[in-house]
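> In order, the protein sequence lines correspond to chains A and B.
Numbering (our numbering) for the first sequence: 1 to 318.
Numbering (our numbering) for the second sequence: 1 to 318.
None of these hints come from the bench; they were simulated from the model.
Mixed in with the good hints there might be a few duds.
Each pair may be met inside one copy or between any two copies, as identical chains are not told apart.
Said to hold, decoys possible - Cut-off 30 angstroms, straight-line C-alpha distance, at most; resulting in silico cross-link-like pairs (DSS-like, lysine-lysine):
hint, residue 1, residue 2
1, Lys-167, Lys-180
2, Lys-75, Lys-193
3, Lys-75, Lys-180
4, Lys-269, Lys-167
5, Lys-287, Lys-167
6, Lys-60, Lys-214
7, Lys-129, Lys-214
8, Lys-75, Lys-312
9, Lys-60, Lys-242
10, Lys-60, Lys-180
11, Lys-224, Lys-180
12, Lys-269, Lys-129
13, Lys-129, Lys-242
14, Lys-312, Lys-242
15, Lys-312, Lys-180
16, Lys-253, Lys-116
17, Lys-193, Lys-167
18, Lys-287, Lys-214
19, Lys-119, Lys-224
20, Lys-312, Lys-189
21, Lys-195, Lys-60
22, Lys-214, Lys-269
23, Lys-180, Lys-129
24, Lys-287, Lys-75
25, Lys-312, Lys-269
These numbers come from a predicted model, not from an experiment.
The primary structure of each chain is shown beneath.
Protein chains: 2
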Amino acid sequence: MQELRIDEINNDLVIVANNRSKRPMDKIKSQLEEEIQVEYDSYCPFCRGNESHATIERYKIEDSSGWITRSVDNKFPIVDELSDEIYGVHEVIIDTYRHNGTFYNMSELEFQNLFKTYKNRYQNLIENKNVQYVNIFKNFLRKSGASLAHPHSQIISLSIVPPEINKEEEVASQYFIENKTYLYDDIIKREIKYKKRVINDNKYFLTIVPYASKYSGEVRVIFKENIKFEQMSDNYIKILSKVFKKLFENLYKINGYNPFNLCIHTHSKELENSEEFNVHMHIIPRKYSFGGFELGTGMYVSSTNPEELANKLRFELN
Amino acid sequence: MQELRIDEINNDLVIVANNRSKRPMDKIKSQLEEEIQVEYDSYCPFCRGNESHATIERYKIEDSSGWITRSVDNKFPIVDELSDEIYGVHEVIIDTYRHNGTFYNMSELEFQNLFKTYKNRYQNLIENKNVQYVNIFKNFLRKSGASLAHPHSQIISLSIVPPEINKEEEVASQYFIENKTYLYDDIIKREIKYKKRVINDNKYFLTIVPYASKYSGEVRVIFKENIKFEQMSDNYIKILSKVFKKLFENLYKINGYNPFNLCIHTHSKELENSEEFNVHMHIIPRKYSFGGFELGTGMYVSSTNPEELANKLRFELN
Chain A
1 MQELRIDEIN NDLVIVANNR SKRPMDKIKS QLEEEIQVEY DSYCPFCRGN
51 ESHATIERYK IEDSSGWITR SVDNKFPIVD ELSDEIYGVH EVIIDTYRHN
101 GTFYNMSELE FQNLFKTYKN RYQNLIENKN VQYVNIFKNF LRKSGASLAH
151 PHSQIISLSI VPPEINKEEE VASQYFIENK TYLYDDIIKR EIKYKKRVIN
201 DNKYFLTIVP YASKYSGEVR VIFKENIKFE QMSDNYIKIL SKVFKKLFEN
251 LYKINGYNPF NLCIHTHSKE LENSEEFNVH MHIIPRKYSF GGFELGTGMY
301 VSSTNPEELA NKLRFELN
Chain B
1 MQELRIDEIN NDLVIVANNR SKRPMDKIKS QLEEEIQVEY DSYCPFCRGN
51 ESHATIERYK IEDSSGWITR SVDNKFPIVD ELSDEIYGVH EVIIDTYRHN
101 GTFYNMSELE FQNLFKTYKN RYQNLIENKN VQYVNIFKNF LRKSGASLAH
151 PHSQIISLSI VPPEINKEEE VASQYFIENK TYLYDDIIKR EIKYKKRVIN
201 DNKYFLTIVP YASKYSGEVR VIFKENIKFE QMSDNYIKIL SKVFKKLFEN
251 LYKINGYNPF NLCIHTHSKE LENSEEFNVH MHIIPRKYSF GGFELGTGMY
301 VSSTNPEELA NKLRFELN
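The whole structure should be built from the sequences, with the hints applied where relevant.
Laid out in structure tokens, this is it:
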């Protein structure tokens, strides 16, 4: 029996069609890309030692062996600093100097360095007076949109608030008007009480499989406190790194070396009533492609059972 | 220099970034699937002679050799007739009995049979009192969402108006309020005058590369007259078939055996002021995948130059 669900943070319409997973296509495991084995590739502009092939460096974290994580200008920026229409800066953050250093095998310390770099670049870019929003995301593997093999993230400042953020902020604001309570607080309370869609719950972050998502298999990490992204303390970053390490270990167990996107949704710079919106992260596996139904209607078909998936991914922090 | 464009029929935000086509990834031609050579595959439920492997037939067009085009129930429907939440019927239209009969090689007559079938099934499904919209689309090849190799289309009736249609109808309505002229009429006039984005212009249909589209390389076929989809005359269907035959011949010359989606946007059943909206078709090549930027922001990056692409695809009807 088909069910219509609404993703409460953005009003996306999702048809939950459990029968669809029996389709012939889905029996064939989508072919995964081969895992990179080498820690260094002499042709890779993002490997340590090949810095001369990359663009200007904006930030780095080092240890005695050299740089660990760094941020450089994107050679092919989506936005530019000279455009009147869409001002922005576009940097590439090299997750780790290791060519084979993926979210599936990164250490807690590597995640910490990466999140510290996210925070530093975010703080730096949001300050510009023309900037309304700073967008952090990651494409892992070709199928998710990545053009270079060496694992990397991207950060883009924008002179406008992107439509998807606008929508989420408006939905949260409308929720407050109607309920006199905060949307994210209510989601957090409800999910903790219901338990079955919770992957991990700790002091700072709730990690869940959302009740409804247009992206089959999405995992959502929600900040429990209403802080701005750039206010993350070292302790926050430490806990977030533990969450990511465990989460991606479990994702690897289930899906293998699967392409994914990470999209971080933060407050737009001039958002009034910023207490209505909580920072959160969408982790989107890219197993399936949208077809003409989704493209043509803006409705999405999901064959994920959130409770089942959460059960497979659940973990405790040590 | 980056440019921000708005797709005027749906308000999608598109960043036109011409430099992006120089990215390393784009130098590597995405690998195309192998073309099907055989006209008959004994394992295929959609081939003529294998009807017992398919579901109930709802309509067919025959000649002396047997059925040419037919519509059958979808074995794995997105919607169902029993759901209270999302009522609908989901049929699969087998474009042609030929296993290797793709849009890239179909004859004018095959296209005519297919469009006649679209019209028949549309007429039939829209009549149900619970139905608010009937959606016709096509996924060609795995990358576009197709699960079976034999070329086929899909038609789905829905008890709700899909968000994307709602949005397009609202944009058209708002345009009329602001301008006292019709959006689609104005687009048609402007594009014919400008010429450079026109692929083909004839009595009934204007085929263009849109000024802005979130789908890099999209081709749009717009009905010039304000008729409902089910009002297409035989002559309309004949001309549309000529357009599709030529268009896909040219697409094949440029892109080869490329995955694509066809999405037909028709009037919702109870649309007031239906004269504000024209039926149109989105033909969407699936060369590229959206990345985390598009998923996270709802903004799209395009590296297509519409004038260049239209120039390559332009044709006259004979």
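> Against the earlier hints, flag every one the structure doesn't satisfy and list their numbers going up.
Failing hints, ascending: 2, 3, 6, 10, 13, 15, 21, 23 and 25.
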